[in-house]
Amino acid sequence: MSLLRLLPRASLAARQPVRLGSLSTTRALSESEIKTMVSTDLKSSLRAKDKTRCAVLRTILNEVAEASRNSKPIDSDAALHALLRKSMKTSAKSIEDFTKANRDDMVEKEKAEMAVMEEYVAKLNVVGEEELDQAVARAIEKLKVEGKPIKKAAVRQLVFIQLKDRAMDKQVAIEKINAAAPE
Numbered sequence: 348m349s350l351l352r353l354l355p356r357a358s359l360a361a362r363q364p365v366r367l368g369s370l371s372t373t374r375a376l377s378e379s380e381i382k383t384m385v386s387t388d389l390k391s392s393l394r395a396k397d398k399t400r401c402a403v404l405r406t407i408l409n410e411v412a413e414a415s416r417n418s419k420p421i422d423s424d425a426a427l428h429a430l431l432r433k434s435m436k437t438s439a440k441s442i443e444d445f446t447k448a449n450r451d452d453m454v455e456k457e458k459a460e461m462a463v464m465e466e467y468v469a470k471l472n473v474v475g476e477e478e479l480d481q482a483v484a485r486a487i488e489k490l491k492v493e494g495k496p497i498k499k500a501a502v503r504q505l506v507f508i509q510l511k512d513r514a515m516d517k518q519v520a521i522e523k524i525n526a527a528a529p530e
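If you read the sequence shown in the working numbering, its first letter stands for residue 348, the second for the next number, and so on.
To be clear, the hints were calculated from the coordinates, so they are not data collected in a lab.
Note that the structure is predicted; figures quoted are calculated from it, not measured.
Glycine residues also receive a C-beta, built at the ideal position from the N, C-alpha and C atoms.
Be a bit skeptical, because a hint or two may be false.
20 Å max Cα-Cα, derived SDA-like pairs, lysine to any residue [to be verified]: (1) K470 with R416; (2) K382 with P420; (3) K390 with V411; (4) K382 with R416; (5) K523 with I508; (6) K433 with E413; (7) K433 with M464.
Ranges between beta-carbon positions, derived for each pair [to be verified]: (8) K491 with A459: 46 to 54 Å; (9) T383 with A527: 36 to 44 Å; (10) K511 with R450: 37 to 45 Å; (11) S386 with E477: 33 to 41 Å; (12) L393 with K499: 44 to 52 Å; (13) E493 with A526: 20 to 28 Å; (14) K491 with L393: 49 to 57 Å; (15) R485 with R394: 45 to 53 Å.
Please work from the sequences and hints to get the whole structure.
Structure (structure tokens):
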């Protein structure tokens, strides 16, 4: 008699991982959804024997796991965007260093890894420049209606409250706020 017959049928059912085709949602993702999506992509890249993609996805999973052990878990598009941007900056610095050292093989490897990270950044629900301009205009209008002085700090606070849990390039946001707010 086979041992498989002794197991309940429910445990034999093939479990299908939840596949998030795209991260472009309006709600924040939970940490488990991010892990599931990256794990699923990792499995498919392992099957395809894409070593570069596997290395990047393993790194992302490790960084998400490390962040969950710390005080700032990766639980939103904005947090994942920040993590990917940080990794991309590190890769850009590595590319610079490898170029100076005439290590063309390593430059190509880093560029390939950056391309994979850029794919994930493109999938995120990132605030566009038009939406950012509209948020700045709404914040300034709100301050005018309330009769408060239009200061950069107040505009920045209102904009970031409007767009919280959304992935954005904060440097671009601050530049737009500085251009729109007089003080």
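Going through the hints against the structure:
Between K470 and R416, the direct Cα distance comes to roughly 25 Å. Violation of the 20 Å bound is thereby established for this hinted pair. At roughly 12 Å between alpha-carbon atoms, K382 and P420 fall within 20 Å of each other, so this suggested pair holds. With a C-alpha separation of about 17 Å, the suggested pair K390 and V411 falls inside the 20 Å cut-off, and the hint holds. Distance hint between K382 and R416 is fulfilled; the C-alpha atoms sit about 14 Å from each other, no more than 20 Å.
Pair hint K523 plus I508 holds up; C-alpha atoms about 16 Å apart against a cutoff of 20 Å. Of the supplied pair hints, the one linking K433 and E413 holds, its CA atoms being roughly 14 Å apart against a limit of 20 Å. Restraint check for K433 and M464: satisfied, since their Cα atoms lie roughly 10 Å apart, inside the 20 Å limit. For the hinted restraint 46 to 54 Å between K491 and A459, the CB-CB distance of approximately 49 Å keeps it satisfied.
Remark: the range hint 36 to 44 Å for T383 to A527 is upheld by a beta-carbon distance near 39 Å. Between K511 and R450, the C-beta spacing of about 41 Å keeps the proposed range 37 to 45 Å intact. For S386 and E477, the Cβ-Cβ distance of about 34 Å falls inside the hinted range of 33 to 41 Å, so the restraint holds. As the Cβ distance of L393 to K499 is approximately 48 Å, the hint placing it in 44 to 52 Å holds.
In this structure, E493 and A526 meet the distance hint of 20 to 28 Å, their C-beta atoms being roughly 22 Å apart. Checked against the given bound of 49 to 57 Å, the beta carbons of K491 and L393, roughly 56 Å apart, stay inside it. Between R485 and R394 the C-beta distance comes to about 47 Å, which sits within the given range of 45 to 53 Å.
Hint violations for this structure: number 1 only, all remaining hints satisfied.
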